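Undergrad: Residue-level listing of the chains:
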Amino acid sequence: MSQPVITLQQISYLGPVLVIVLTVLVLLMTDVICRLRPSRQGLSLLTGFGVALGGSIVALVYSIFLWHRLTVLKVGKLAELFPVNGPPRSVSAMETSPVWSSGTLVVDYFAVFVCLLVCGVLILVCFNFKPYLRINKLHRSELFPLLLLSASGMMLLSMSRDLLSTFISIEIVSLPLYVLCGLNERSRANQESSLKYFLLGAFGSGFFIYGASLVYGAVGHMNYAAIAYFAKHSLESSSILMIGLALVGAGLAFKLALVPFHAWVPDVYQGAPTPVTAFMAAGVKLAVFAAALRLVLEAFPLMDLSFWRGSISLLAALSMVVGNLLALHQMSAKRLLAYSAIAHTGYIAVGLASGLSTSATSILIYLVGYALAGLGAFTLISYLAPDGQDDIYLDEMHELSKRAPVSALAFAILMLSMAGFPLTLGFVGKLMVFSDAWRAGLYGLVIFAVLNSVISVYYYLRFILAMYMQPKAPGAAELVLKRMPGTYILTGIITVVLTLLLGVIPHMLIAWAQSCQLAGL
Amino acid sequence: MATPVVIFFSYLLVAGLLVGVSSLILLAIARFRPYRRFLATLAVLGFVAFVWGMCALTQPGYRLLVCYFWLFTAAVVGGGVGCVTMRNVFHAALMLILSLLGVAGYFILVNAEFLAMVQVIIYIGGIMVLFLFGIMVSQNIIGTQLKQNTPQSPWAAICAGVLFMVMFFTGLFMTLKPTLTVTPDVLGNNTGSVGWSLMATYALPFEVASVLLLMAMLGAIILVRKD
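Chains A and B, in that order, give the protein sequences. For the first sequence, counting from 1, position 298 maps to 414 in our numbering; every step adds exactly one. For the second sequence, counting from 1, position 143 maps to 149 in our numbering; every step adds exactly one.
Be aware that one or more of the hints could be misleading.
A partial selection of chain A residues facing chain B, derived with a Cβ cut-off under 8 Å [stated by the list, open to error]:
id	residue
1	V215
2	G219
3	I284
4	I356
Footprint (simulated), chain B over chain A, 3 or more residues, beta carbon under 8 Å [stated by the list, open to error]:
id	segment
5	272 to 281
6	432 to 444
No wet-lab data here; the hints were simulated from the structure. These figures come from a predicted structure and were not determined experimentally. Just so you know, even glycine gets a beta-carbon here, dropped at the ideal spot from N, CA and C.
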């Protein structure tokens, strides 16, 4: 234990996180400088946006560089495993998977892939925020540091292999979001959403940390590998470990909004500023599922199979059915997407329940599809929303296809992707997640999930029908269409094109995601 | 073994426990509010009888330890019950301090003196003082005394009861083995080993926690800032 614990070379593996945190510090300084004169309010917004965007792009590039570095490591490992004149032998995918680990944090293909996605989400959300602040006359450039801090937590969450660092990362993800939800102090809905999210989020964190303390009491360690080892080698089944893990799972389920713990979602999603909702739907879901995947695939496989598989399946089934049934008659687009988010969490949890080593791949692809569709849909909502309402309702959308044909088409494509129509990325994700569960032998759950996605088609099609086929009711409110801001157009194009392109030719994405396997069954 | 003395103290122990617990439960019910002085006295008497019985039944060398353990337990449980039943929010916060002090006592009993000090300094010295300060300031601002009023208390009591029973039966049928090899060095140098694990095993989470603190500071400033 005498060598230095952390070297500079090791720190460089955490590059994307460091870049984001450094950008936050720069942002805080530039914000102070820009605010020296009140007349520079607009400037502070613009510099905030620029610096945040620049930092996210640098982090994105750094993540690509890390991916490359891991590939170099992998080639070296392969050369070691297969000497030129040695006998041929077979190795598992995990054996060749390159990893840098500090014990509590680990950087592998999975973590780097999630970092890449988080950077992408961050860039698109920054695009969303710039016009949103201008249109709603909010001079709050300090939201950019908060956004970036939350994203740094998401990256750390995908790297955590230890209950302690997972907990700290979850807190780094959530704390900025509580503040961001209450961004507009003039809006009561914002304040309400912020308070509800904070209270229930704190409750969920309490569950998590209590469970973690019980796990520590049972195992004497908080590392996932140690938990798995203990579960395999301890002779008597440890009920305190099971209760601890169940509480940890409940804490994660709170953050994911699986069904008994979903009560906060509709109000928070509807009340929060639309770009923040987009960030929650795309980013938080991605990061917390990454953490749940690591916990389930690295710590659970050696445990009592029927116990954890049964409980995750139950949560998944409940989430799908409750989310879908409550979404059926929603009139508000944001509330609809909130309930559909609960249902989507259920579909993804089906993949979690299968617990195979390939589950990480399929869930990541599903999450990419969901993040793209969600980001695009929320962008269009914040473009179409009337002043001061920050939401659109079904009866306002009638005949939208005639007045704004491009936006209507984009919205329709994104809704179809969420419903899982073929030729969209949503279909690829659903197919992969469900086929994983089928291979794991969860036949009943897969049939239930497919039936549920048939139900979900109803409410997505309801919005498409309203835009394309139903005439406007006399006296109904009409949307005032403004010129679409440039960054909204950019976000819309990126999300729609990627949804279709990756839906038609998903091979490259699948090939990348296949490197991201975790231990699993 | 069952000498008359042992039998007497066993009965004393059980009777004290029953009297203490039932009067604590009655204390938590609103209808028995007028008798709360009497019930509190009864609870204390029951507790004293219970601890007396406990101490008399343990081996001589461990009597002091057992006595302190139950003293701290009384502080934790009594403080917890008081915290959720007191009408006056200020008094409830004071009861929470009592409960946290009891936990600090537990830490001392298991040789974790560093944790005990941290518990006292951070929870009681920092958080709870801030809590009391907040209560006093907000009472001054809104001009009325804050009352603790929880209409959902029956449901909360049922949930807490169920969770307690689950944990109780788990604890009853559980064999806790020391999973870490406890060396005299660890026991003797508790503060040192906490420092070692913070700076070596958990160095990265420790650094990451500083990002969390930065975030908390930033968020607090943004929440109270006016345009």
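Undergrad: Tell me the hint numbers this structure goes against, listed in increasing order.
TA: 1 and 6
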